[in-house]
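Peer 1: Numbering (my numbering), first residue to last: 2 to 230.
Note that these hints are calculated values from the structure, not bench results. Every residue gets a Cβ at the ideal spot worked out from N, C-alpha and C, and that includes glycine. Certain hints may be false.
The calculated lysine to aspartate or glutamate pairs, modelled on DMTMM-like cross-linking and capped at a C-alpha distance of 25 Å, are [stated by the list, open to error]:
#1 Lys122 / Glu142
#2 Lys205 / Asp156
#3 Lys122 / Asp188
#4 Lys122 / Asp175
#5 Lys205 / Glu4
Computed spacing ranges between beta-carbons, pair by pair [as the list claims (entries may be wrong)]:
#6 Gly23 / Phe146: 34 to 44 Å
#7 Ala41 / Ile88: 18 to 28 Å
#8 Ala81 / Gly24: 24 to 34 Å
#9 Asp3 / Gly85: 19 to 29 Å
#10 Gly23 / Thr210: 25 to 35 Å
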Amino acid sequence: MDEVIVGIDTATVAGSVALYCGGRIVASCMLNVIGVSHSAYILRHIDLLLRECGLDTAALTACAVVTGPGSFTGLRVGMATAQGLAIGRNLPLMPVSSLQTIAYACGRRDMPVCAVIDARKHEVYAAVYRWQDSLPVPQGEEMVFPAAALREYIDSPTLVVGSGVAVYRRELLDALGDMAQLVDDTDHWCLAAAAIKLALCRGKTVDYTALLPAYVRASDAELQRRSDK
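Please put together the full structure from these sequences, using the hints given.
Peer 2: So, in structure tokens, the structure goes:
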């Protein structure tokens with residue numbers, strides 16, 4: 002039986018969903034919600050993709066979901082949706098990093114790829130990758146810091162890509178100079194499709210009880226609890 006995998010990415014406002022069937026991506030949809038939660042759209046768009054392909058949720062065999070870092074609210078919506086599908090259909094979940102998904106979506110590169118997502122508070126979520134075989138392999142941990150601090154982690158020409166580029170272009174250019182090749186159009190990428198392909202390459206699955214977010218930064222509530230101790 003063909004694998005039928007739905008992909009969910011709600012890490013940023015440029016969210017997306019995609020459907021994989023017959024060994025390829027057969028449908029995808031951008032969400033790009035501004036001022037409205039992904040929860041208002043995501044299930045509707047998943048149902049739309051399935052219907053357009055003559056399928057329903059009973060046909061699903063797995064769900065690939067981006068687990069962060071990114072918007073705390075967005076991640077919770079995407080992961081809750083994935084867990085709901087998993088519980089209802091006993092589906093395996095395929096978790097992937099938002100930063101690694103961005104690097105994967107760029108395609109194989111000879112140079113390092115640094116994925117950056119706007120983390121608000123004048124900071125970015127970031128990680129550096131190098132391609133090995135079929136995957137961009139992390140060269141360190143996923144981190145959150147001011148965009149200018151990337152200079153401490155980049156010492157050769159590097160492709161810098163992600164939503165953080167458009168927001169912090171000036172800071173990145175000042176910090177990295179000629180070492181940075183900036184790509185800032187990822188708001189138009191269907192990262193859910195890349196998430197499915199990355200998840201298939203990684204081959205990691207979990208059940209719904211083991212799906213955990215990768216927030217990287219502590220929430221404001223957690224920071225407040227720490228300060229109160």
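Peer 1: So which of those numbered hints doesn't the model satisfy?
Peer 2: 2
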